[in-house]
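Colleague: Required output: the full structure, derived from the provided sequences and hints.
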Amino acid sequence: MNFLKRFDIKGKFSLLKEFFHDYVWKKSLLSVGIASFIFSLGFIQFTIPQFYISSTLREAESISTNGPSGSGAQALFSMASSEGDVFNEFRSNLYSYVVAQRMWEEGWGAKIYGTGDETEDTNKIDRRHTISENISSFLLGYDLYDYYSPHDLQDFIAGTVSFTKEIKGVNIYVSMMTRDPAFGLIFLNEIILVSDKYAKEHLILKSQAIIEGAQKQLAVSRNSAITASLSATINGEYLKIATLENDMPYNIYFIDPPYSSEYPVYPSTFSIFLSNFIIFIISSIMFHFIRDNKDNLW
Amino acid sequence: MVNSHFELHDYGGSLEYYIFELANYSCLVLLISIFYKLKYISINSLIVWSGIFFLPFVFNYFLFSPMLFPDQFTYAAELMSLKANGVSIPDIAAQYQADIAAKYQGTELAAIGNFLEINPITFTVSLMGLAPIPNYMTVAAIGNFLEINPITFTVSLMGLAPIPNYMTVTSLAFANKFFLFFSFLALKNFFKNENILLLLFLIPSFLLYTSISLRETLIILLGIFFLLNMLRDNYFIALLIMLPLFIVKIQVFAFFALYFIGRLIFRAHKSLSAIIVYSVAILLTTFIFEEPILQLINYYRIGFAAENMDMGNGVYGYYAFSIYGDIESLTIESMFELIFLAIIGLPKILLMPLPNSWTNIFYPIQFLESVALVTLYSFIAIKSKMLRNHEFIFLTFVLVLSLMLYSLLAFNEGTFVRYRFSLFLPFVFAIYYLSTLHQASPLKNKI
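Chains as they are written, first to last, in the numbering used here: chain P, 1 to 298; chain H, 1 to 447.
Each hint should be verified, as a subset may be incorrect.
To be verified - Only pairs whose alpha carbons sit at most 27 Å apart, straight line, appear in this in silico DSS-like list of lysine-lysine:
| id | chain 1 | residue 1 | chain 2 | residue 2 |
| --- | --- | --- | --- | --- |
| 1 | H | 188 | P | 12 |
| 2 | H | 37 | P | 26 |
| 3 | P | 10 | H | 37 |
| 4 | P | 27 | P | 12 |
| 5 | P | 294 | H | 39 |
| 6 | P | 294 | P | 240 |
| 7 | H | 188 | H | 37 |
| 8 | H | 192 | H | 383 |
| 9 | P | 240 | P | 216 |
| 10 | P | 111 | P | 124 |
| 11 | P | 26 | P | 10 |
| 12 | P | 17 | H | 188 |
| 13 | H | 37 | P | 17 |
| 14 | P | 206 | P | 216 |
| 15 | H | 188 | H | 385 |
| 16 | H | 383 | P | 17 |
| 17 | H | 383 | P | 294 |
| 18 | H | 383 | P | 12 |
Simulated from the structure, these hints should not be mistaken for lab results.
Modeller: Printed below as a string of structure tokens:
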């Protein structure tokens with residue numbers, strides 16, 4: 001019982017009861033609670049529901065079956081870097097200006113920034129500028145663009161599309177939030193394919209350059225071994241071009257094509273109501289508490 | 001409420017963000033008001049704690065981007081995933097599965113390429129498993145528990161804080177504040193002067209690290225309670241407090257284990273000769289187990305160096321190290337080299353970030369704080385005439401030894417300023433507590 005005496009449970013309990021009666025068990029708190037409910041209702045009206053669109057991809061190219069050369073940590077690092085190459089290349093393509101430009105040419109700029117009028121000129125969509133942008137242009141003396149451009153689409157992609165790969169994992173997750181799931185599904189699918197196509201084009205150009213160079217060497221070569229080697233290179237590069245010139249993705253393949261969440265994942269309505277309720281109630285309690293203890297506090 | 005779609009929407013800096021976090025703040029303020037009413041804290045503490053609780057609003061999204069401490073997102077996402085779905089986030093789950101796969105292949109070190117990805121606990125247990133003892137059944141059983149991912153374990157503990165919302169990256173910071181406040185109440189049992197205790201809670205880095213969603217709060221608080229209980233000879237309680245550190249931060253566990261063994265077995269806090277005997281024992285052990293120790297140190301050394309490498313143009317981290325890294329120049333070949341490097345690295349780790357590495361406004365502040373903390377440590381010792389106190393000497397010995405070990409790995413200034421602080425602060429609390437004991441009985445433990 002010494003323990004109870006030391007902590008003065010009875011005394012503390014009566015103080016707690018006093019606190020509850022003085023600040024919590026009050027009629028005004030009920031009004032505050034109702035006010036928080038009305039505030040939350042109003043707040044929710046100004047939020048736009050967002051759906052979650054995502055897709056799971058996997059790198060189509062595997063690392064060499066012979067494994068990395070060298071030993072110990074060097075081999076481990078080389079393995080890590082080769083694994084990251086496809087992912088990094090694809091990621092760089094996805095956020096590149098070239099991809100944004102191609103998406104723009106396919107009419108995505110109009111779909112995102114346009115008014116919905118099909119006769120509208122894609123390159124003449126009016127763009128409003130923020131006050132800070134206007135001030136900056138005035139102070140530094142440069143002109144602001146009056147119309148949306150692929151630069152804006154690139155910013156949109158960078159700000160909306162998330163592209164991640166788990167540590168040590170093999171899957172790549174591409175996702176975005178949008179108010180229109182139908183738009184999101186097509187947009188995400190399209191940007192993945194355009195990014196992949198861009199990578200393929202680079203490889204085709206590279207193969208064509210190798211073929212051209214090899215053919216020149218072949219024309220002047222007198223050594224049968226070199227000729228055979230050059231022929232094999234040309235054959236190999238033609239085969240590569242043949243595999244690249246189709247509609248199938250090259251760097252990646254779809255484990256799970258883009259799909260949308262069934263319901264909006266944002267805003268979290270219940271959390272907003274609960275949080276506002278807590279804020280209103282505790283603010284009211286604290287207001288009365290500070291008012292009663294102001295002599296001690298100041 | 002838990003944000004089950006945290007990985008999709010982090011509410012960064014939006015109005016919802018402030019609403020969710022303001023609800024957390026309100027609950028904490030209500031809590032301290034009740035504690036004030038119950039006369040557990042003074043009016044000064046009430047005012048100061050209202051301010052301390054407000055700080056998470058000041059740091060993330062206001063003073064700096066939470067990406068300055070990107071680990072916050074991992075901690076927050078893991079907690080929300082555990083609370084909402086009961087499973088870890090894919091990153092951590094994949095890491096765990098890969099560790100298990102590597103373990104069963106029996107080629108842990110060879111199979112795992114990325115230095116970040118290896119579980120430090122698995123690695124340490126593997127090293128400990130080299131000891132030729134006949135039966136590993138109990139060790140294996142404990143091992144399964146200890147192989148919990150440090151992040152999962154940390155957020156499971158921090159997630160116990162009864163705050164209303166775990167919705168954003170800052171929510172865990174309020175959970176940190178909750179534990180911080182109860183630690184303050186508990187520490188009042190150790191320190192008679194509440195105002196001085198309150199001042200110790202106002203050390204800038206302490207305010208910073210407890211206001212973001214990282215595990216530093218947990219490490220610091222466990223460290224403080226471990227040392228204070230050790231100073232009170234409560235070995236069993238100290239051991240219980242130390243155990244979570246094995247998962248949360250294994251290197252801090254190792255440092256405290258040095259203190260625990262030295263104090264309990266060697267009685268190194270009783271005499272200078274005991275400290276010398278203990279030092280010789282440590283030295284002998286390091287030479288006997290030279291190979292695995294060097295392997296462990298080199299492993300972390302290369303890992304931290306790789307993480308810190310930035311060659312520009314987006315080539316950084318392990319990728320950059322795989323191209324430009326020089327493993328041989330980083331590898332420590334002998335124990336003598338290790339000791340030499342640790343000694344010359346000590347001043348740097350004590351005072352970092354040094355002026356030549358200042359890149360933002362926080363660096364000079366942290367440098368000044370480093371100087372101030374070392375000064376405070378010395379000031380308390382000198383003022384309380386403890387320089388010849390064996391307990392103080394042994395505490396300082398362990399602190400210096402720990403910092404020397406850290407100095408071998410300190411490639412990333414920002415990370416090691418944080419690591420150094422979370423190690424140093426518990427010792428400051430311990431020294432201050434020791435000074436209050438010493439002032440009560442100044443003749444005790446003198447040479």
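Colleague: Decide, hint by hint, whether the structure agrees.
Modeller: Hint check:
1. H:188 / P:12: 18 Å, holds
2. H:37 / P:26: This hinted pair holds, its Cα atoms lying about 18 Å apart.
3. P:10 / H:37: Since the Cα atoms of residue 10 of chain P and residue 37 of chain H sit roughly 14 Å apart, the hinted pair holds (cutoff 27 Å).
4. P:27 / P:12: 25 Å, holds
5. P:294 / H:39: 16 Å, holds
6. P:294 / P:240: Not OK: residue 294 of chain P and residue 240 of chain P at ~80 Å, beyond 27 Å, violated.
7. H:188 / H:37: 17 Å, holds
8. H:192 / H:383: The given pair, whose Cα atoms are some 18 Å apart, holds under the 27 Å limit.
9. P:240 / P:216: 19 Å, holds
10. P:111 / P:124: With Cα atoms ~13 Å apart, residue 111 of chain P and residue 124 of chain P stay inside 27 Å; holds.
11. P:26 / P:10: Measuring from Cα to Cα gives roughly 24 Å; hence the hint holds.
12. P:17 / H:188: 25 Å, holds
13. H:37 / P:17: 11 Å, holds
14. P:206 / P:216: 16 Å, holds
15. H:188 / H:385: 24 Å, holds
16. H:383 / P:17: Distance of about 46 Å is beyond 27 Å: violated.
17. H:383 / P:294: Not OK: residue 383 of chain H and residue 294 of chain P at ~38 Å, beyond 27 Å, violated.
18. H:383 / P:12: Given that 27 Å is the threshold and the Cα spacing comes to 39 Å, the pair is violated.
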